[in-house]
Amino acid sequence: AQSVTQLDSQVPVFEEAPVELRCNYSSSVSVYLFWYVQYPNQGLQLLLKYLSGSTLVKGINGFEAEFNKSQTSFHLRKPSVHISDTAEYFCAVRTMNTGFQKLVFGTGTRLLVSP
Amino acid sequence: KAGVTQTPRYLIKTRGQQVTLSCSPISGHRSVSWYQQTPGQGLQFLFEYFSETQRNKGNFPGRFSGRQFSNSRSEMNVSTLELGDSALYLCASSNWRGQGTSGNTEAFFGQGTRLTVV
Chain A
1 AQSVTQLDSQ
11 VPVFEEAPVE
21 LRCNYSSSVS
31 VYLFWYVQYP
41 NQGLQLLLKY
51 LSGSTLVKGI
61 NGFEAEFNKS
71 QTSFHLRKPS
81 VHISDTAEYF
91 CAVRTMNTGF
101 QKLVFGTGTR
111 LLVSP
Chain B
1001 KAGVTQTPRY
1011 LIKTRGQQVT
1021 LSCSPISGHR
1031 SVSWYQQTPG
1041 QGLQFLFEYF
1051 SETQRNKGNF
1061 PGRFSGRQFS
1071 NSRSEMNVST
1081 LELGDSALYL
1091 CASSNWRGQG
1101 TSGNTEAFFG
1111 QGTRLTVV
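These protein sequence lines are chains A and B, in that order. Its first residue numbered 1, the first sequence is counted upward by one per residue in the working numbering. Its first residue numbered 1001, the second sequence is counted upward by one per residue in the working numbering.
Note that these hints are calculated values from the structure, not bench results. All C-beta atoms, glycine included, are put in the ideal place defined by N, C-alpha and C. Please note: incorrect hints may appear among the correct ones.
[Said to hold, decoys possible] Just some of the chain B residues that point at chain A, by a computed CB distance under 10 Å:
(1) Gly1003
(2) Thr1053
(3) Asn1056
(4) Gly1058
(5) Gly1062
(6) Ser1093
(7) Gln1099
With these hints in hand, go ahead and build the complete structure from the sequences.
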């Protein structure tokens, strides 16, 4: 079975400051990794994904993440945040090679950007 | 290209009733998954369908069921509603092509159906 840990339930940050949202996972098989963002009363929007290849992945809205297999981590970063980045962020994993589309999510990190 | 469409967006039901939620995937997508999101339990996988077949099921009681039609549209049904079933129900579709094909796919989510049980 897989599990995802997002240790920070809430991260407050000032506008234009850098931010890192942490994600660690546990799995006995290889996984794909994803970050999703959810705005209030909305569904989930994919920010970025690691499927294979380069371990540094760039996504939408200036976000990037680095896959670290030895540390089983996939931390999300942004060098300069905007007020509009205030939202909930979810890290998720999916097993490779099974074809199953099931995502296992972390508990989410609420990013609060203030002026 | 239209995204994943879920109807209705909001629903209020009474304990003991049953409810049916609908999901229309992105055109061409044959894989549909359902998730329940609550403040206490977070995002939990309900089930997954591909070409009208349920491929995977989460750890939910039998009151939760679903199906997929030949046009890939999916419905989920919850019978004998309980207060704890109040949640945001999310549907996702992907363009996975079936066993033996690449798993390099991503899930696209709908806006969800907010179910309130009173």
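Checked hints:
{"no.": "1", "hint": "Gly1003", "verdict": "holds, 9 Å"}
{"no.": "2", "hint": "Thr1053", "verdict": "violated, 12 Å"}
{"no.": "3", "hint": "Asn1056", "verdict": "holds, 5 Å"}
{"no.": "4", "hint": "Gly1058", "verdict": "holds, 8 Å"}
{"no.": "5", "hint": "Gly1062", "verdict": "violated, 19 Å"}
{"no.": "6", "hint": "Ser1093", "verdict": "holds, 9 Å"}
{"no.": "7", "hint": "Gln1099", "verdict": "holds, 6 Å"}
In terms of the numbered hints stated before, the structure departs from hints 2, 5, listed from lowest to highest.
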